[in-house]
Structure formats: C-alpha cells, structure tokens
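Protein chains: 2
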Amino acid sequence: MEQFANFKNLVNEALQKADFGGRPDQLYQPIRYTMDGEGKRLRPVLMLAACDLFGGEPEKILEAAIGIELFHNFTLLHDDIMDNAKKRRGKDTVHRKWDNNTAILSGDTMFALAYRWLLKTKHPQIAEMLGTFTQTAIEVCEGQHYDMDFEKSPAVTIAEYLNMIRLKTAVLLGCSVKIGALAANASPRDVQLIYDFGVNIGIAFQLQDDLLDTFGDAEKTGKAPGGDILANKKTYLFLKCLETADAADRQKLLGFYTSNTNHNPQQKIDEVRGLMQKYDTEALAQQEMEQYYATSLHLLNLLYAPREKIEAMLAYAQWLYRRDH
Amino acid sequence: MEQFANFKNLVNEALQKADFGGRPDQLYQPIRYTMDGEGKRLRPVLMLAACDLFGGEPEKILEAAIGIELFHNFTLLHDDIMDNAKKRRGKDTVHRKWDNNTAILSGDTMFALAYRWLLKTKHPQIAEMLGTFTQTAIEVCEGQHYDMDFEKSPAVTIAEYLNMIRLKTAVLLGCSVKIGALAANASPRDVQLIYDFGVNIGIAFQLQDDLLDTFGDAEKTGKAPGGDILANKKTYLFLKCLETADAADRQKLLGFYTSNTNHNPQQKIDEVRGLMQKYDTEALAQQEMEQYYATSLHLLNLLYAPREKIEAMLAYAQWLYRRDH
Numbered sequence: 000m001e002q003f004a005n006f007k008n009l010v011n012e013a014l015q016k017a018d019f020g021g022r023p024d025q026l027y028q029p030i031r032y033t034m035d036g037e038g039k040r041l042r043p044v045l046m047l048a049a050c051d052l053f054g055g056e057p058e059k060i061l062e063a064a065i066g067i068e069l070f071h072n073f074t075l076l077h078d079d080i081m082d083n084a085k086k087r088r089g090k091d092t093v094h095r096k097w098d099n100n101t102a103i104l105s106g107d108t109m110f111a112l113a114y115r116w117l118l119k120t121k122h123p124q125i126a127e128m129l130g131t132f133t134q135t136a137i138e139v140c141e142g143q144h145y146d147m148d149f150e151k152s153p154a155v156t157i158a159e160y161l162n163m164i165r166l167k168t169a170v171l172l173g174c175s176v177k178i179g180a181l182a183a184n185a186s187p188r189d190v191q192l193i194y195d196f197g198v199n200i201g202i203a204f205q206l207q208d209d210l211l212d213t214f215g216d217a218e219k220t221g222k223a224p225g226g227d228i229l230a231n232k233k234t235y236l237f238l239k240c241l242e243t244a245d246a247a248d249r250q251k252l253l254g255f256y257t258s259n260t261n262h263n264p265q266q267k268i269d270e271v272r273g274l275m276q277k278y279d280t281e282a283l284a285q286q287e288m289e290q291y292y293a294t295s296l297h298l299l300n301l302l303y304a305p306r307e308k309i310e311a312m313l314a315y316a317q318w319l320y321r322r323d324h
Numbered sequence: 000m001e002q003f004a005n006f007k008n009l010v011n012e013a014l015q016k017a018d019f020g021g022r023p024d025q026l027y028q029p030i031r032y033t034m035d036g037e038g039k040r041l042r043p044v045l046m047l048a049a050c051d052l053f054g055g056e057p058e059k060i061l062e063a064a065i066g067i068e069l070f071h072n073f074t075l076l077h078d079d080i081m082d083n084a085k086k087r088r089g090k091d092t093v094h095r096k097w098d099n100n101t102a103i104l105s106g107d108t109m110f111a112l113a114y115r116w117l118l119k120t121k122h123p124q125i126a127e128m129l130g131t132f133t134q135t136a137i138e139v140c141e142g143q144h145y146d147m148d149f150e151k152s153p154a155v156t157i158a159e160y161l162n163m164i165r166l167k168t169a170v171l172l173g174c175s176v177k178i179g180a181l182a183a184n185a186s187p188r189d190v191q192l193i194y195d196f197g198v199n200i201g202i203a204f205q206l207q208d209d210l211l212d213t214f215g216d217a218e219k220t221g222k223a224p225g226g227d228i229l230a231n232k233k234t235y236l237f238l239k240c241l242e243t244a245d246a247a248d249r250q251k252l253l254g255f256y257t258s259n260t261n262h263n264p265q266q267k268i269d270e271v272r273g274l275m276q277k278y279d280t281e282a283l284a285q286q287e288m289e290q291y292y293a294t295s296l297h298l299l300n301l302l303y304a305p306r307e308k309i310e311a312m313l314a315y316a317q318w319l320y321r322r323d324h
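Which chain is which? The protein sequence lines are V and G, in order.
When we follow this note's numbering, the leftmost residue of the first sequence carries the number 0, and every step to the right adds one.
When we follow this note's numbering, the leftmost residue of the second sequence carries the number 0, and every step to the right adds one.
Pulled out of the complex, with its shape left as it was, chain V reads as follows (with noise of 0.2 Å):
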C-alpha cells in the first residue's frame, strides 16, 4: 500500500507543479479551482499503478495521469451545468461561483488542456493511447445523456442502467489502466486484461456509491444517507426494488418517486429504505456488486506481471472496495 500512497504523491506533486495560468486569466481561474480540489487522484494513481505492475517507469507518464485528471474534472465541471449542482467536494460548483458561460469555455479549454498533457508523453504507442482516450470520451458522454435522459423517462432496465455507469464512468478507469499498461508496453493480451479490470471494478464502486448513499452509516460516509431517495435517482437499488415487489408496493414505490407530490423527507427516506429492505434489496446490490468486483480480481489474476506486483494492486482494489465511506 505504500507505493500507492507513493504514486498519489508524485501525482500531486505533479499537478502542483502544472501551470494551468494563462491568458485571459478569467478563463483559467476556475480550471486552477476545479484543479486545486483535494480529489482521491483515482484515476491517474491506477494509471500509474497499471505502468508499474508492467515494468514500466511511472515517473515518464505523469504528464498522461494529469491529462486523465485534467479530463475527468472537465466531465465534472460540465455535469453540475447540466445537473444544476450547487456543491461540488463541499466548494461552490464552477457554474454558481462564475456562471454558465464561464463553465462552458472553461471546461471546453480544459477537455483541449487533457489533450495536451496526454500528447506530453513521447511514446511510439501515443497514437493508440490518445485512441483509446478519445474513444473513452465519447463514451462518457453517451453516458451521461443517458443519465439525463433516465431523468425523464418512466421506465429504466437494470441492464439499461448497468450500461450507462459503465459508460459514464467505469470506462474512465478502464481508460486510466490500460494508458498506463501501453505505456509499459505490456501485451495487447494483457492490456485488454487490465482494461477490462478497470471497467469491472468501476462498475463495482459505482455500486458500492449508490449502496453507501442509502444504507452508509452517517458516522463513517459524513452525511446523511437518502441522498439519492430525495432527489429520486433511478438508483440500482431502486430499480432492483421495483423489479422485485408485488404491484402494491410497487405503486407505492413509484408514488415516492413522484416529483409533484409533498413528502416529509426523512420519513420518505425511512418508508422507501423500509421497502428495500422488505424485498432485500441491499442484499441483492450487494451481491451484483461483488460480481463486478470478483470478476475485476479474477482478472488482475490473470496478467503475466511479476505476483507481488498484481498482489499490491489486489490489496489497493481492496483497500478501495472495503471502504464504507
């Protein structure tokens, strides 16, 4: 666990020492904002991690484990216009302390700013890692249209709603690790392996995040779980509720989710936490989420990489995947 904490240093030391000024400096303030934000640095630390496992140099890719940084806070910055988020990581979202037009240029500025820092890295593969990032872009905004779009519409599949956390933000690990192995020129076997690694254990933490909101102890996560209840997201654990009751509860479920009715909050929380756990729907999350998570290990285990390297990725998915906040 240690090189882990080692590679979240270097990360961080590496976006210090990025200058992300410029002019006009309007429009690099709320990047230097969104940037100085004290993120987990997930994503480039698995990128790190992916070139490590491989025989690769960590160091000669922290230009990419920026760009990737880079990236994921633009998706982020753009999210909140579209979402209308007021908070993000307990700071004014970008959109509310500047405003909308800010929001747009600056994080069009910051999707082109991702680009440069991948393009950083000389390596005869660039051309095959810039691929498969743009690709991966595409992706997550196909996934947050359809994040959108579930919004609006009554009926939402749990394969429907699988897909679209894998698209809009598993495939960004998946992404993360597989720059990292091409870096260390790893197999196409194995970078095929680790990719689909990071889109399994994506998958898995998504679900972990939907689990904590509902069921996560106040103590451990910092706030209030039914966040989600309130704010009536189609939810894995939602869906999977409506899919399983009888046709009483699920009109009584649904009526919850209404938007233009008046509930008390914390007693809606309590009647739809008291509907999942009549059809053990924690449980069920649970296990969807350990086959992600089963799949991601079985997959890692998979890789010709040294065993005490694939070992320290295993203890840091796990160290990731045990945390109950």
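Keep in mind the hints are simulated off the structure, nothing from the lab.
Among the hints, erroneous ones may be present.
No distinction is drawn between identical chains; accordingly, a pair holds when it is met within one copy or between any pair of copies.
Said to hold, decoys possible - Straight-line alpha carbon distances no greater than 20 Å define the calculated DMTMM-like cross-link-like pairs of lysine to aspartate or glutamate that follow:
id, residue 1, residue 2
1, Lys251, Glu56
2, Lys308, Glu1
3, Lys151, Asp24
4, Lys232, Asp148
5, Lys96, Asp148
6, Lys151, Asp98
Put chain G on the given structure of chain V with help from the hints.
Frame of chain V; chain G shown alone:
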C-alpha cells in the same frame, strides 16, 4: 479553381459518407443536424489544398479534414449557447431547437469526435498534427473568452481586437493548412510559412466580414447592412472610428453603443455609418485588411512548391477575398 471545386466535392462526399450516428440517438441527432448545414467547408478545403501544394495526396487526409470541420462546428454550437444566438445559417440553433444541456453535451461529443476523425489519419507525424490541433483548440477558447469579455469591457484597443480575431478565427485556418502540409511531409520552414499564411488570411477575412456587415451591398450579401451596429459589437470599424474621432463625436458614438438607450434602428445605423464616413473608417479598415492579405500572399510566394500550385492557391485566396457577399 476547378481543383478547389474538386476539393470541396471530395469533402462533401466524405461528409455524406461519414456516419455521425450512434447511440443514444438524441445525442447524435444535433450533431448530424449541425454537420448537415451547407457550409463553405473552407477549413477542410484549405487543408486538402495545402497537402496538394506540397505534393501530398489529399485523398489520404479526408478524415482529418472532417475532423477540422467537426471541431469548427463544435465551436459554433457552444458559441451559440454563450451568445444566446437564435439562428445559424438560417436554421434554429441547437440550444433553441433542443435545449442548453443537449447543446453542451452534443458539443462536447463533437469535440471528441473531431479527435476521433483526426486520429484516423495514419501518419508518422500524427502527434505533431494533434499537437497543432490541440494548441489551436485552446487558442480558439481563449479567443472566444476575449470576445465575450470585450462586450462587457469599456475600453478595448485595436491591438486587443486583432489578437482576439487571430485567436478566435484565424489560427484555425493556420492549423488547417499546417496539418495539410505536415501530411505532405513539407519542410519545417514551409510548414511554418503556410501556417502564417493561414493566420494572416484568416485575419483579413474577419476584417472583411466586419466591413461587409456594415458597408456591404444588401443585394449581394443577402442581408441588410448594420447588424453589428445594432448589436453594439465592438468591431474593428467601431474601435477605429472611436480612436480617430474628436471628443464630441467620440461621445456621440459611445452614446449609440450604450444599450440602455433606445434608438430607432435605421437611424442608429445611418448615424453611426455617417460618423464612420466622416473619419474615413471604411478606408482605414480596408487598408488594414489589405496589409494582412498582402502579407498572406507574400508568404505563399516564399514556399518551395511548384509554381503552378502556388498560383492556384493564390487564385483561390483571391477568389475568397474578392467576394462581396
């Protein structure tokens, strides 16, 4: 000139064959809607022409040409949100026909698609092509920021205005011809010269747009002159008139450009044009424009390329430049 008509046909055929489809369909509909427009295809045509000029094979960079056209249309789409524009090439803008969120996200997707198409160009210099494109994309964002900022800014100098149009519109012409030249393996000297040609002729074109908007012949341009004046746009003409007018006329001009006073539209146009005539603004703007145009032709003449190809490019530039619509 037939050669250039041929390039345009090649581009339009490639665009027709190109599949901008995908799922979710509602994400891709606005992209097809935007790309269907009957544009001049100036940037892709210039790219093919530059490739041909240095003995390359234009057919081999049609994908990159589509990439440039996708990027150009992406910038128009996002600019239209920021400017709250209602029409584009006679059609409803995307954010009006759909909504802001769709316009933001379909725009982001188009930006990523531009890279996808550029990456289809298999060429040893692909990293340099993408580096040029990325640098240009960042500069176009900077230019758009200056443009929006100038609307709110009380004092804008002519140097600042020229820098804004260089960034917002001219560098993309430079980038287009540079990628064409790189594809044809032109020498670094020639690549730089043709880039500068593109930037200079781009600035000349923008000054011409300013001139046509205020002094153009409605029968030829298809629209009544004075749109920029009514929109209080700080064009070269406005800034030059302001710079040369005496104190009283300066106040008069500024008075017309204060949006919180009501003016009869035709009277406002007539009076502002009257002031511009008094200070010879049209001729001064024409002089400036001709300097950029002359520089661009001079740069073309310095290229190591077959004389007849340079002549063809000169004729095309002249044809674009002599348009009075």
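request  = Would you list, in rising numerical order, the hints stated earlier that this structure does not obey?
outcome  = 1
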